[in-house]
Each structure stands twice: as C-alpha cells, then as structure tokens.
Amino acid sequence: MNSEDSESLLSAFLDDELAQEERSDIEQAILARPELGLALENLRQTREFVAALPRPPAPAGLVTSVGRLLRIRQTTYYRRLSFSLVGASIAASLLLAVALRFPSPQSTVLVQMNELTERQRSDEPSSLSPDPEPLPIQVVEHRPSAGSSPMDVDQELGNMQEERDRQHIRSLMERKETQRVLIVTDVLNGPASDKIEKLIAENPRHHSNFGRTTVSLGIVVDPDYPSEAIVFTVIMTDAELSFFRDQVSKVDQVTAIVEDSPPVEVTTQLAEVGSILILRGTPPATLQPLGDAGQKTLATRTDDFPTLEQQQSGPHPMNRLRLNNDPRVPDGPKDPKRSSPEHTVLIWVTASARRVGS
Amino acid sequence: MTVSDDEHELIKACRAGKIDAFGILVARYQDRLYPTALRLTGRPEDAADLLQDAFLRSFEKLNTFHGESSFYTWVYRITVNLALSQRRKKHVAGRQAGELGDPADEPTRSDPSRPLEDSERDALVQLALNALAPEHRAVVVMKEFDGLRYEEIATILNLPIGTVRSRLHRARSELRERLKGLAEFDLSAPERASREDAV
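Residue numbers (numbering that gives the first Met the number 0), protein chains in the order written: chain A, 0 to 357; chain B, 0 to 198.
Hints were generated in silico from the structure; no laboratory data involved.
There may be inaccurate statements among the hints.
To be verified - Distance windows between CB atoms, simulated:
1. 33(A) / 159(B): 57 to 63 Å
2. 279(A) / 17(B): 32 to 38 Å
3. 278(A) / 71(B): 32 to 38 Å
4. 70(A) / 11(B): 17 to 23 Å
5. 26(B) / 251(A): 29 to 35 Å
6. 7(B) / 276(A): 34 to 40 Å
7. 54(A) / 11(B): 54 to 60 Å
Beta carbons are placed, not taken as given, at the ideal position from N, Cα and C, and that holds for glycine.
The task is simple: from the sequences and hints, build the whole structure.
Written as structure tokens, this is what we have:
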C-alpha cells in the first residue's frame, strides 16, 4: 500500500467504513509509519471540532411562515383558474359576436372558438401545462399582509406563478413519457450551450416556456457525465421535436447528439433538487396575410388561429397552403394535442465530449 | 425507519390540502433540521430560508413520498440537496467575484494569548466549513455533524459510496489544513494550563 492509498483510507478507517482486509492493511501501515498515526489523530480532532458545533433550535415563526406561503400559493392557484375561465368566456363571446357579424366564415369560426376555449382551459393554470395535475387544494381566504403595496402583491403573485411553472416542470420530469435529447458539447457555458438555449427560446412552440437547470457535482445526471451539465426542460410535439433536432444538428459546436430515455431516478432527483429557472420562449405567431408572391410570411405554424382582424378581412386559404410549404415550419397536424403526442424533452448540454454520437 | 401511523395520517391530511397538518410536521422536525441547515449555509438567516424552502418543496412533492424512509429522512434529503444547489450558485458567484469569505465575518481576538472561548472556536470551525466547496461541506456536515453512514450519504446525494469516501477524505484534509492553527492551539492548551497551574 503506497502513501497516497494509505492517506485516502485513513478517513474511512476513522469512520469504521473499511472492509476487514483494508482495515488490516491500514492498521499495519499506521504501525509502520508514525506520520500516519499523527494524520489520523488530526483527522479525529477535526471531526470532533465539527461534531461539537452547537445545535440551536429553529427560529420562532417558521411554522407560521411556511403555512402562510402555502396558503398564498393555494389562493393564487384558484385566483388564476377563475381569471382564466372568465377570460375564456369573454374570448368566446367576442368570437361569437364576430361570427354573427360576418356570417360567411361562420362555421369555421365557431369550430375555432370551441377549440380556442378548450385550449385555454387545458393550458391553465400554467402556460406550460398541457395536462395540469391538480394540487391538493384547500379553499382559504387570501389576506395580503399588512402594509403591502400593490407592487409587492404583483411581485409576490409573479413569484408564485414562476414557482408554479417550476413545480409543473418538476412533475413533467417524472413522467414515464419523458424523452431526452442529450447534446454533447465541449465546454459548459460555452457558445454551444448558449446557442442551444437560443434555439429553444426562439423556436416557436405551443408550450413556449421552458426550464433551465444547472446541475453540478453532487447530482449524477448521467453516470457517463458526472461533471456539470445544463438541463433544459422543453415541451414539444413530435413535429416540433423533429424540427428542433434538425436545427440542433446544424449547430457547429455540437459534437454529438444522443437520444435516450432518462432513468427515472435521475429525473426524479433533478425534479427534487434542481433549482429550475423558468425562461420565456417564443409562442406561435398568429397568421399574417401574405403580400406579394414570394414574400416571406411571418407565421410560424399552420395550426394557429387567425386574429379577429384577419377574420374580419376574410379567410386566406392560400396562407395555409403556402405555410405548409414553408421550409421553416414543421408540418404539424391541425390539433397537436389530439393527434401528435407531446413530450417533455430534457436537453442535456454536458461539459464533456467523450460520448460518440449515434 | 418508515412512516409511523400517526405520521401517515398527517401526510394523508397534507395530501388532501390540510396545511395545519403540515404545520404539525414542520413543528415536529424543524429543530432537528435547523442545525444541519445552519451548518450547510453558515448563516442563521440563510438557514431559516433554506429550511422554509425545503418544507415548501416537500409539501409540493408529497405525492412522490411513498414512505420508504421516514418523513424526517425525506425532508433531510431535500434540505441537503436544496442547500447544495443554492450554495453552488453562491460559490460560483463568490469565485467569480473573488471573494470566498467576508473578512468582516472572521472572529477577532483582542488577546491571542488567552484560551479560545467555545464560541470563538465554533466561529472558526464554521468559517472553515464555509470555505469548503459545497459538495465537500455537505459530506462533512452529514458525516461529522449528523453522524450518517457512508451508505446513507451516498443515497441522499445519489453518489457511489467510493465517491463519498474520496470526497470526505479530501474535505477533511482541506478542513484540517484550515484548522491547523486551531488544532495546535487546542493540543497545547492542556499543557499550557498545567504549566500555569505549576507557576
């Protein structure tokens, strides 16, 4: 046993965490080398210093503050839910009014109105949520704390919403259907991870917001990649995912892309411990009428709903035709929720380039 | 250790949205968890924030708690990992700013020849802990302060036991270097005391 081995085993010897054989080896090494005995004594003393640190009780008021925050969260959830239902009703009324005012595209408008209302319902309480899971809820009265200004309340509600998005992303991470796209780069926080984030942010998606988690030593995201990683959590339909793959493959700095299903324990761990930053992505743009032939359209999807102004100016069937041929636009079904499965895609940008792409 | 009947009922009530039931769990375990949070963060106010976040997180995640461990162990795990993720950010920020420790936080001694008081020694030990990398600090706190076995630490951090062992060794070595002066002082204190008695 060399000197380095002996020293690295001293800690485990002190903690009685060695196998019998290792224990015998280190005992012999200590007898043969007095400096190891001294090192052991130093370790023991260091251990005692830490063990002797005081153990004060928790500060008063923790129970109260936890309870207060939980109540605010629950109230915020209900408040958002009721606002969204009211909003959906108003939108439906407006569309109905437009449909009655312009009878020509009436049937189309009514169908779209139903879909829009349906979609808005299903998007609540979070814009990230295709299928929100109910929270354990207790209806309570929300009493803003004394002296809080409207700005404080807005800030607090904003924070609550971000937390809600985080919570939802965490729950998505634990789903069996979660896929992952593993993107290997050379340098963490280098140009590649920036480009990937930019791609994610700029690629239009129905669920545009996404999460970013920076993990480091202490969380084994992947045994092959024990060092740092950035994990993006994105919700994509098949078509969006396919389009995204194509775009990522064109990023210069990406050396390999490996797709796999993430181990459940890893996603669970990520969901539990990751501090998820919620970032705003790009929602699908609304359809814009095409101008001259060959002019680039501003629309990004074929299944977006026309604005009220567009409804008033009449349907533009050519737009859809043209949009379907737009190479920038992933072909997608009319309603991706019904016919194209959505996936939570974990995009892991790691620090290493050891893995070879497949 | 798994969940007791009483705890099982409380958790069931929490899942049904009963915040008061969760309050009972918080009150039950806050004093056991707070010292760990304090050693992990190094500051009372940060420890209180950490513990609050950990309890909030545990309430939100109750549907993932299946009772394989005690509720305390589960929240302990959340607390440690939350501390790690938060401290990493601060550690990196501190490194970038070139300031790992605030000199104003260092305990000062007007008379270096007098024996260290307990509070001074504790402050120095905590300062040395604060200077460790978050991952090193976590294993030291879990092992030395909370007395966990390697296997338990490995489970909490989702690491191989070998990694826990090597990480703990490196952490202790660094801590020993940082506390060298303190150790020498403490070792020589009895000698000095006996000399003073003789005089």
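Task: Hint numbers contradicted by this structure - done: 1, 5, 7
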